[in-house]
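Asks: So the chains spell out like this:
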Amino acid sequence: MKRLLENIKIAFQALFLNKLRSFLTMLGIIIGVGAVVAMLSIGAGAQQSIIQSVQGIGSNLIIITPGNPEEEQNLGAQFVFSGQQAKLKAGDLQAIEREATLITGAAPVVFSSSIISYSNNSGQSTVYASTENGRELYNMNVEEGKFYSKSDVSNASNVAVIGQTVIDKLFGKIDPIGKIIKIDGKNFKVVGTLEARGTDTFGNDQDDFISIPVTTAQNKLYGLDSYNMILAQSISEEEIDEASEEIESILRRYRGIRFGENEDFSVRNQTQILDVISTITNIFTVVIAGIAGISLLVGGIGIMNIMLVSVTERTREIGIRKAIGAKNRDILIQFLVESIVLSITGGIVGILFAVLIAVLLSNFTVLDTSVTILPIIIALSFSTVVGLFFGIYPAMRAARLNPIDALRYE
Amino acid sequence: MTENSKDTIIKTIDITKVYRIGNIKVNALRGVDLEIKRGEFVAIMGPSGSGKSTLMNIIGCLDTPTSGKYFLSGIDISKIGDNELAGIRNKEVGFVFQTFNLLSRTNIYGNVELPMIYSKDRVTNKRKKVLDAIESVGLSDWIKHRPSELSGGEKQRVAIARALVNQPSIILADEPTGNLDSRTGEEIMLIFQKLNNEGKTIILVTHELDIARHTHKIIYLRDGVIHGEEEVANRLSAEEELKDMPRLEERLTEKHVI
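Protein chains in written order, with our numbering: chain A, 2 to 411; chain B, 297 to 554.
Bound-form chain A, shown alone (with noise of 0.2 Å):
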């Protein structure tokens, strides 16, 4: 133990004598660490916040959309009016709601981008039209005011509620409840106001839409009879592939679609989309972590070559500490540790730039990051397997040196 203190004292004396050297050989390592480290945070960040927005939407959420996704290849596609054939109507809801058990509720969901204005003020705004579960569903709280009711979405009435960007847009400081908007020309009364959601990963503006009831954007706004989707949640987390399962007979039966036929519907839930979306953040991740890691590798070369560099020039120090009684054993650890204390320096010099880093670009952009401690503890790891593995041989070139050469050396 003494031993290994007095071999690290030497090590770091030796590192110190040759500063600028030391450093630019750390630098290999340092990269590489921060680099290692760094792109896991802003990975692991991303992959968070992109979870956060779809889990915001609302929980347990299935998705049912016009279409068949395998036929159309384009998933915006889904999104597009889709063809005749391929609509959900009030009946698809119907039945979901008659027949569907693992479900709390479903509601329709109708949007459009809209012209919306108040007195003098107007701007562009995404309409999105659904009933009165779609509040739940959609995750819209209720700041003040109400949400409109199953009346008015049986009547189809002129109301509407606003997001908080729309408050801003159109109102300023004045308060909404109860005025005249008008909404592509038509005259909607607000009667409630959202909580805001701030915005996604993506950077869109959660707040910037409205939502009115569903009849009234088919029969006065848009003139359709059908809905762009249809939501519906899962009584639970665990059930939600079974409800999607459940939902997709009941619409197959609904359609009239026979055994073998594809469908001309798609039902997806979130559990499904956040596996695509951590699949794809996944493989960005080790993509990234892979690049690093080679110039890890690169920098465990840096270390080898300035360890031989180091070896030959101490030759004959070499050659009086083996005269004097170290042993083949004593020489190769002074050189492992040093060669290891380079590399760790470096690591955790790399792991500060990497917080650094992560620290500045979330304070700073929209990237979020999350630094935690598993890449930090893979890093310091690995950079200590890179100063050992590549420190062996220049270590063990030094241990062989026949001490009557070493002392006559020059």
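Calculated from the structure, these hints are not laboratory results.
Small disclaimer: the values here were computed from a predicted structure and weren't measured.
Every residue, glycine too, gets a C-beta built ideally from N, C-alpha and C.
Please note that the accuracy of each hint is not assured.
Stated by the list, open to error - Which chain B residues stay away from chain A? Per the calculated CB distances, all over 12 Å, these:
#	residue
1	333
2	372
3	421
4	441
5	492
6	503
7	504
8	518
9	525
10	529
11	536
Said to hold, decoys possible - Restraint ranges, calculated between C-beta atoms of paired labels, are given here:
#	chain 1	residue 1	chain 2	residue 2	range
12	B	303	A	314	43 to 49 Å
13	A	287	B	441	54 to 60 Å
14	B	493	A	6	36 to 42 Å
15	B	436	A	371	56 to 62 Å
16	A	367	B	444	57 to 63 Å
17	A	393	B	343	42 to 48 Å
18	B	333	A	302	52 to 58 Å
19	A	406	B	343	18 to 24 Å
20	A	314	B	441	18 to 24 Å
21	B	333	A	382	56 to 62 Å
22	A	406	B	538	33 to 39 Å
23	A	330	B	335	33 to 39 Å
Knowing the structure of chain A, use the given hints to seat chain B on it.
Replies: Frame of chain A; chain B shown alone:
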């Protein structure tokens, strides 16, 4: 054990050493029988190429003979491995080299301490032993300094302190005065004579007869064999010699003694 007498510290029986340089065999030693007793002060002399460096390396356990036997303090050294050899060097041999061979980046204390760091046995009172060794060569005020701040004679005194610190059986000095002026060399010989008077066994390799005449016995080596052995009749006393020498060093060392 074929130890003849308790007093015999070094005994070589017909040792040879053959080097191979490419295809050429070099017979550096061709049968050397040597016996050195405890407390002796012996000089080994010979021209370059006589094999005295090879003999020195073998006596100092830096190398093993090709054939023959070598006993150091009763231990058969001829056939043991590198690591055991290192252990024996550490415990039994104190080296003093012509070129001092101090660690340039380590201070005087660290240099003298070095053999203890590699000592197998637990060393008690380490600090006191190191300081005693430094004091015995008169460098107590210099322990924090680096070798580069010292004169040649002072460096050699540090090397002697280092050789003494583990209380070895023999002190092996290879041309210890070769890089020093005559007065400083004489001062080093004074230290060796003092150590010998205290009972230390010292083996000195030199090609200067004046230096060799400070010892008890001179062994002449030529072409890898012992050519002759001679007791020194009227031994030179370094103390006496120094009285007659101009004190060149004084002026040089003055700058240190602020």
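Asks: All hints, please: hold or fail.
Replies: Hint-by-hint comparison with the structure:
{"no.": "1", "hint": "333", "in the structure": "holds (24 Å)"}
{"no.": "2", "hint": "372", "in the structure": "holds (19 Å)"}
{"no.": "3", "hint": "421", "in the structure": "holds (15 Å)"}
{"no.": "4", "hint": "441", "in the structure": "holds (16 Å)"}
{"no.": "5", "hint": "492", "in the structure": "holds (22 Å)"}
{"no.": "6", "hint": "503", "in the structure": "holds (18 Å)"}
{"no.": "7", "hint": "504", "in the structure": "holds (21 Å)"}
{"no.": "8", "hint": "518", "in the structure": "holds (22 Å)"}
{"no.": "9", "hint": "525", "in the structure": "holds (26 Å)"}
{"no.": "10", "hint": "529", "in the structure": "holds (34 Å)"}
{"no.": "11", "hint": "536", "in the structure": "holds (33 Å)"}
{"no.": "12", "hint": "303/B - 314/A: 43 to 49 Å", "in the structure": "holds (45 Å)"}
{"no.": "13", "hint": "287/A - 441/B: 54 to 60 Å", "in the structure": "holds (56 Å)"}
{"no.": "14", "hint": "493/B - 6/A: 36 to 42 Å", "in the structure": "holds (39 Å)"}
{"no.": "15", "hint": "436/B - 371/A: 56 to 62 Å", "in the structure": "holds (60 Å)"}
{"no.": "16", "hint": "367/A - 444/B: 57 to 63 Å", "in the structure": "holds (58 Å)"}
{"no.": "17", "hint": "393/A - 343/B: 42 to 48 Å", "in the structure": "holds (44 Å)"}
{"no.": "18", "hint": "333/B - 302/A: 52 to 58 Å", "in the structure": "holds (56 Å)"}
{"no.": "19", "hint": "406/A - 343/B: 18 to 24 Å", "in the structure": "holds (23 Å)"}
{"no.": "20", "hint": "314/A - 441/B: 18 to 24 Å", "in the structure": "holds (23 Å)"}
{"no.": "21", "hint": "333/B - 382/A: 56 to 62 Å", "in the structure": "holds (58 Å)"}
{"no.": "22", "hint": "406/A - 538/B: 33 to 39 Å", "in the structure": "holds (37 Å)"}
{"no.": "23", "hint": "330/A - 335/B: 33 to 39 Å", "in the structure": "holds (35 Å)"}
Comparing the model with each numbered hint stated earlier shows that all of them hold.
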